[in-house]
Amino acid sequence: MKTKSSVLVKIQEKGFSVGEVVESVKAASKGIGAVVTFLGAARDFSKGSVITGLDFEHYPGMAEKKLIDIRERALKNFDIIEMAIVHRTGKIEIGEDIVVIAAASAHRNDAFMACEWAITELKRTTPIWKRETTKSGEVWVSETP
Amino acid sequence: MKTKSSVLVKIQEKGFSVGEVVESVKAASKGIGAVVTFLGAARDFSKGSVITGLDFEHYPGMAEKKLIDIRERALKNFDIIEMAIVHRTGKIEIGEDIVVIAAASAHRNDAFMACEWAITELKRTTPIWKRETTKSGEVWVSETP
Amino acid sequence: MITVRFFAMLKSLAKTEVKEYSVSGPVRLEELKSMLKKDFPALSGVLDSRSILISINQEFASRDAVVKDGDEVGLLPPFSGG
Amino acid sequence: MITVRFFAMLKSLAKTEVKEYSVSGPVRLEELKSMLKKDFPALSGVLDSRSILISINQEFASRDAVVKDGDEVGLLPPFSGG
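Just so you know, the protein sequences line up as chains A, P, E and S, in that order. Everything in the first sequence is counted per my numbering, starting at 1 for the first residue and increasing by one. Everything in the second sequence is counted per my numbering, starting at 1 for the first residue and increasing by one. Everything in the third sequence is counted per my numbering, starting at 1 for the first residue and increasing by one. Everything in the fourth sequence is counted per my numbering, starting at 1 for the first residue and increasing by one.
Derived from the structure by calculation, the hints contain no laboratory data. Bear in mind that the values here come from a model prediction, so they are computed numbers and not experimental data. The C-beta atom is built at its ideal place from N, Cα and C for all residues, glycine as well. Watch out, some of these pointers could steer you wrong.
Stretches of chain A that chain P covers, calculated by requiring three or more beta carbons in the stretch to come under 8 Å of a beta carbon on chain P [unchecked claim]:
1. 7 to 19
2. 27 to 35
3. 73 to 86
4. 112 to 122
No more than 25 Å apart at the CA atoms, straight line, and that leaves these computed lysine-lysine pairs for DSS-like [stated by the list, open to error]:
5. Lys123(P) - Lys65(P)
6. Lys30(P) - Lys135(A)
7. Lys30(P) - Lys30(A)
8. Lys123(A) - Lys11(S)
9. Lys11(E) - Lys91(P)
10. Lys68(S) - Lys65(A)
11. Lys68(E) - Lys33(E)
12. Lys11(E) - Lys135(P)
13. Lys37(E) - Lys65(P)
14. Lys135(A) - Lys11(S)
15. Lys19(S) - Lys47(A)
16. Lys30(A) - Lys14(P)
17. Lys123(P) - Lys37(E)
18. Lys65(P) - Lys10(P)
19. Lys65(P) - Lys11(E)
20. Lys14(P) - Lys65(P)
21. Lys30(A) - Lys91(P)
22. Lys38(S) - Lys65(A)
23. Lys91(A) - Lys30(P)
24. Lys37(E) - Lys68(E)
25. Lys65(P) - Lys30(A)
26. Lys47(A) - Lys91(P)
27. Lys11(S) - Lys65(A)
28. Lys68(S) - Lys38(S)
Residues on chain S that point at chain A, a partial pick, calculated with CB under 10 Å [claimed, not checked]:
29. Ser12
30. Ala14
31. Tyr21
32. Ser22
33. Asp39
34. Phe40
35. Leu53
36. Ser55
37. Gln58
38. Pro78
With the rest of the complex left out, here is chain A (with noise of 0.2 Å):
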């Protein structure tokens, strides 16, 4: 499981792609019928301000452990096979991808559930966070005031 986890669930400063991603949770099993895969962005507007760059910092360790625990959760909560999780840090210019999650199922409804309870649990519960870069300056962005 840990080996597993540590391929499928990672936090890194370099670009992922996708389709291996994608990749990753099929390898899993035949069985597979059904891939649901959230990714997330970098927008060049927020909150009605233009953002020209992203900037992600993360608890190392702590923010890993997180995701490592969404993984499981979601495999023992939900009727799916596999997932994956790949979060970036550090700079991130706009359209640039931030991350993706991947929900594999036989049956399309679980991987759809899955994926977005995963991304709202991200959102939640794992240690990182994002500094804007606008006209104004560089902020802080508290999601969760």
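Since chain A is already given, all that's left is putting chains P, E and S on it; use the hints.
Chains P, E and S only, in chain A's frame:
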């Protein structure tokens, strides 16, 4: 609109790249913050039978029209920025991809809703038929008998 | 000429993809179905099934629709795409 | 030694990432917060906010938890990942 549809909505024999389909919708706007993707794959087991291969047939012309219609209704009824739909036809091996739907939006809820609606609508309204090869021969599948 | 197209298991049962009928005037779908049942006895048991949809010129048609010269009629078993 | 780690805007306000405290015995989180407010006046206004979560050894901790020698305490502003 017609040009765009013909790029983003396709029925084809050859395989597709999930990454390229995601990029095709992301290219629509820098305001995209979320892309939700549904990938349907050929399972080795269905309704109690071992499946060794699939063969898809479609109504040429009408099937494409129905997919274009799904994209246009999705753009009209959900707060999404772009949607792509690619469905394969002909022989498909176990483990291979069958269909991909990518919905792009500013906020994730809209993309999740539109993507789930679109695959349900595809199954309901698009004249495409699946023949499964099992140990006991080839059978046409009626999902909605 | 009216062109009738068969798909999936209906194509297997009819043992053909297409059947053409010369018509002198508009024909109700019910009449067309009678002609089909005569020419393709293997379809008799399914043509009236509510799960078979019918298209005229690639749009879904109601059961009481009328078909005319030049139309393309599709006999569509339950879909199983996706 | 207790290691306190600051993140995001708390790191900006504290102007440091880490602060270490030598302790002779277990310390309640409330006491640790008092020490932090004295050393980092700029944090006074936010350390009691309900939106700041606290971790001990990388697990979420309750407000009445006790910290001991060797523990790592994280001061976590609202998350904005994803």
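Results of checking the hints against the structure:
no.	hint	verdict
1	7 to 19	holds (count 3)
2	27 to 35	holds (count 6)
3	73 to 86	violated (count 0)
4	112 to 122	holds (count 4)
5	Lys123(P) - Lys65(P)	14 Å, holds
6	Lys30(P) - Lys135(A)	17 Å, holds
7	Lys30(P) - Lys30(A)	36 Å, violated
8	Lys123(A) - Lys11(S)	20 Å, holds
9	Lys11(E) - Lys91(P)	17 Å, holds
10	Lys68(S) - Lys65(A)	22 Å, holds
11	Lys68(E) - Lys33(E)	14 Å, holds
12	Lys11(E) - Lys135(P)	22 Å, holds
13	Lys37(E) - Lys65(P)	29 Å, violated
14	Lys135(A) - Lys11(S)	22 Å, holds
15	Lys19(S) - Lys47(A)	34 Å, violated
16	Lys30(A) - Lys14(P)	20 Å, holds
17	Lys123(P) - Lys37(E)	28 Å, violated
18	Lys65(P) - Lys10(P)	10 Å, holds
19	Lys65(P) - Lys11(E)	22 Å, holds
20	Lys14(P) - Lys65(P)	20 Å, holds
21	Lys30(A) - Lys91(P)	17 Å, holds
22	Lys38(S) - Lys65(A)	32 Å, violated
23	Lys91(A) - Lys30(P)	17 Å, holds
24	Lys37(E) - Lys68(E)	19 Å, holds
25	Lys65(P) - Lys30(A)	32 Å, violated
26	Lys47(A) - Lys91(P)	48 Å, violated
27	Lys11(S) - Lys65(A)	22 Å, holds
28	Lys68(S) - Lys38(S)	20 Å, holds
29	Ser12	7 Å, holds
30	Ala14	13 Å, violated
31	Tyr21	19 Å, violated
32	Ser22	23 Å, violated
33	Asp39	21 Å, violated
34	Phe40	17 Å, violated
35	Leu53	8 Å, holds
36	Ser55	6 Å, holds
37	Gln58	4 Å, holds
38	Pro78	4 Å, holds
Checked against the numbered hints given earlier, the structure breaks hints 3, 7, 13, 15, 17, 22, 25, 26, 30, 31, 32, 33, 34 and satisfies all the rest.
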